[in-house]
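A.B. asks: Sequence:
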Amino acid sequence: MWLKPEEVLLKNALKLWMTEKSNDYFILQRRRGYGEGGGGLTGLLVGTLDTVLDSTAKVAPFRILHQTPDSQVYWSIACGATKEEINQHWEWLQQNVMGTLSVFDSSEDITSFVQGKIRGLIAEEGKVSLVQEDDPEKFREALLRFHKWFALPEKEKLVTYYSCSYWKGRVPCQGWLYLSTNFLSFYSYLLGAEVKLIISWDEIWKLEKTSNVILAESIHVAAGGEDHYFSMFLHLHETFLLMEQLADYSIKRLFDKETFQLIPALSDPLQITKRGLETHVRNEQFRAFFRLPRGETLVEVYESFLWVPFSHFNTLGKICVSENYLCFASQDGSQCYVIIPIREIVGVDKPDSSSRAVTVCVRGKRALRFSEVRDYERLANSIRRRCGATASPRHILAGGAGAESCHTLIEHFEDNPEEVALMVGQRDGSKAVSTEALMTVFHPQDAENLDPKMLKEKMKEQSWNIHFAEYGRGMSMFRTRKTRDLIVRGVPEALRGELWLLFSGAINDMVTHPGYYSELVEQSLGTSTLATDEIERDLHRSLPEHPAFQSDTGISALRRVLTSYAYRNPKIGYCQAMNILTSVLLLYAKEEEAFWLLVAICERMLPDYFNRRIIGALVDQSVFEELIREHLSQLTEHMTDMTFFSSVSLSWFLTLFISVLPIESAVNVVDCFFYDGIKAILQLGLAVLDFNMDHLLACRDDAEAVTILNKFFDSVTNKDSPLPPTVQQGATANSERTANSKVDITDLIREAYEKYGDIRSEEVESMRRRNKLFVIQTLEDTTKQNVLRVVSQEVKFTPADLDDLYGLFKRQHFLSCYWTMNSAALLHHDPSLAYLEQYQLAQQQFCSLFALLAPWSHCSSCHLLSLWAFRLLDENQDGLVNFKEFCCGLNILYSGSFTEKLKFLFKMHLPPVSLPDGPEDGVIRKSPERGRGKVDLQAYLKQWQDELLKREESIKDLPRINQGQFIQFSKTLYSLFHGDAEEESLYRAVASVTSLLLRMEEVGRRLQGPPPPTETASAHREPTAVPETVSGLLPAPCASETALQPQEVEWSFAFEQILASLLNEPVVVHFFEKPVDIQARLEHAKVTQLKV
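In this note's numbering, the protein residues as written are 1 to 1092.
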């Protein structure tokens, strides 16, 4: 490997290096302790020194130095891991450089030429792969060590590396931690003791920062039933965050089959970089905090003060700029932040430079003043550029022409409102379905109704109107503590839909996608999928007691929203609980608004909640348990089994308490959720348990605890709700238990914020990442146990061997996803399939693994036999083989009788298995999609019926094998015997059986009919009648001879004939019946699987 030229002090270096070759300009040296006589104490000391000091010599024991005759300075220009590699560099220098150096007059010119040549070679090598690294030269050296030490495929992308200590027992081993796309690797070499560790990210159960008496701070990694601790990092927090990112990236790619098509930095696993991962995480945090659409990326960040008019002071914070939004968040504890869509900015004014301030004018006669911006001119120009260069007053002002102020511009838009509508992207046809919120249809407010509840509702509305007047209304509204206080007290019925859209960020999606929902409704109309069937089944189970969903109006709106979303996102399709959430959204929002609210919930606010495994809900339940242990320790001490909280709280998270609280109380919870996210649900859950602490501590079993919580939820009321009794779910129940104490939902929410409001969203997200690994691996372990239980009934492998086989099969499936985003497993992943079908192998992956495990792995035609085995085991011809099919095939080869093994080989030579062109690799043609596409339910029913009626295949059911197939079958037998101790005896036995079968066929045909009329036919058959070697089986009748004798019928054999003949050859029977060491094959496969 060529190195960036660096000076070397040769006097001290001679203590560690020995010269092998030299000339006037170059020296080739070998590291002491390597090569001939490289052992002993010298080798141990040098090896330890190389590892601890990060020297490239531990991997590259050879190097080339550049020198000039009249200079004492030497320059390292190349290194090599082997003598052959360094000799190639030496020869290249001899052929391409040495002849040129003689034309230079001075040593400086020679050295300058050599350095320029070497740098040019390095630049050419790293033009693509190292262009994004911070220090390409140092990274190249680390990459060389990485591949040399761990022998992983060269496609594996090294992301970064750190110096650290790995604790082996109580002894720290100083070495290097390498983080790559798919693996965590560590290497240490101290005084002859080599420590090498390779862990794939998909095997990790736990990843956390820990500290104890011995280790001040370390990173704990749990994988494969073992605990690993790494410490003494220079930047431990940075290392841990990057490890979290890589683990999460691996989970999404391998378990969720995410392809990252919209994220260029992560779309290619061969080009993942540290910078790309950090940028991705920063963008995700930016979008999550400000509730922005998925496509937004953080472009610029500025520190500044924002003038807060209602408080009359400047608040310190950061300005975050994306392509379509200008956002500000305070950092002084005032909890003030504001989101300004670029579409709402009507001008940018720049006052005198002494204030370093930028004033942004937005619609509604409002202006925001950012002061003390270090690079205020750049910020102003950036905003102007994003506003667009259109022929409008905004463009004139942004270009600097004229001295108009922002107020003049606002006056212009007041006089020309059509321009404002054009700028914000509004269109007349943006309403896809012209419906109102169902609550306004089924419960219109009576303006003249002056009962106490309505008066209080009016007071709430007045409070919000005052807030709007002070803080603004719409997207650019200031969000502060006062905003949260108003949310906690409950949102007025008339403003609920508007504020849900605003705080969830759904308003941004709706405004920027005019007409999108109406198009989805038209496209999804009349589709028939598994999702639509499930939707129809649940339509009348969605708030059935509410009048809105006792009519066709509400049911039809609910159907359109759910069906449209299933069409939009087939990966989720439809999941139970979505109907409950959507029905509540439709009560307070118009149909199109409800659709975008559902998008915000499913795709941003509750990620991974609504899929087959509800991973997101399970992760948040684990977070909830962690918070219970931290804040309600008395409860955890009393209830040792924490799974109770998981079982009882699942519906809380999936339906945001809607399924357990009366609707008039539940909507207050939804108000808080849209403002604070999942943090609000966690806080309320803790408050519920805290409120019932005494009763729960007195419980004797889980059933009693469930009863207590159910009674509590029944007692929750909303005393301020203006809804009539016909709408309120809890009205009837409350009237029947006047004696019981009631809990007002507003008081409960206020208590939740007072006691647990200090839980930060950042902490929740960190706990989510930490618990997601454990949840995923727990689900995977459950899936594995279910699969092994089913498969163990079909095969004779021991539980331990079956467990190893599953691990190898799963790893082989992942290998198809490790280094590409275009594998069949990713492109055709169907989350609706049963657990037995979740991991499947396409043709290439199957052949690689089957060749490693099959007893015939040493035969010359191993790949061809693996291909035929794949086609034979792929019974439904979908281009994929699942674990059960794979194990059944191996079970025949390892545990089957002689007849079963021979039948397996026989069937491999029958069409269509043995045809040159088989089914297309990896194309799933029979799996239904959850979101769109027709589903042939009749085909499924027939398939299940066939499986139920499936009977044991008889040897009499097998078709006869023709001449060409029989010849190939014989060749296969010969290839299986190759290398066996009884090879000659086996060859003779097969030749004898072949000869006997051909003679029997010839005699049978003569007895059945008259002899051929010509001698030509006889002459044609005689040479192939008694072959003595394999070559005697190769010839087959050519096309011209066959054409001359159309009346001749090719001979064929039944399986019974072949079986009976081979049973008379004990050596063949013994070959197939001798036991094979499956454990040795499994261990060999574990070692070599990654190298194939």
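Derived by calculation from the structure, the hints in this document are not laboratory data.
Don't take every hint at face value.
[To be verified] Capping the alpha-carbon separation at 25 Å, the derived lysine-lysine pairs in PhoX-like fashion look like this: (1) Lys971 to Lys903; (2) Lys971 to Lys907; (3) Lys1091 to Lys155; (4) Lys196 to Lys274; (5) Lys971 to Lys784; (6) Lys138 to Lys117; (7) Lys4 to Lys168; (8) Lys196 to Lys1091; (9) Lys1091 to Lys157; (10) Lys784 to Lys206; (11) Lys679 to Lys482; (12) Lys155 to Lys21; (13) Lys252 to Lys571.
Remember, predicted model here, so these are calculated numbers, not experimental data.
A.B. asks: Could you work out which of the previously given hints the structure breaks and list their numbers from low to high?
C.D. replies: 5, 7, 12
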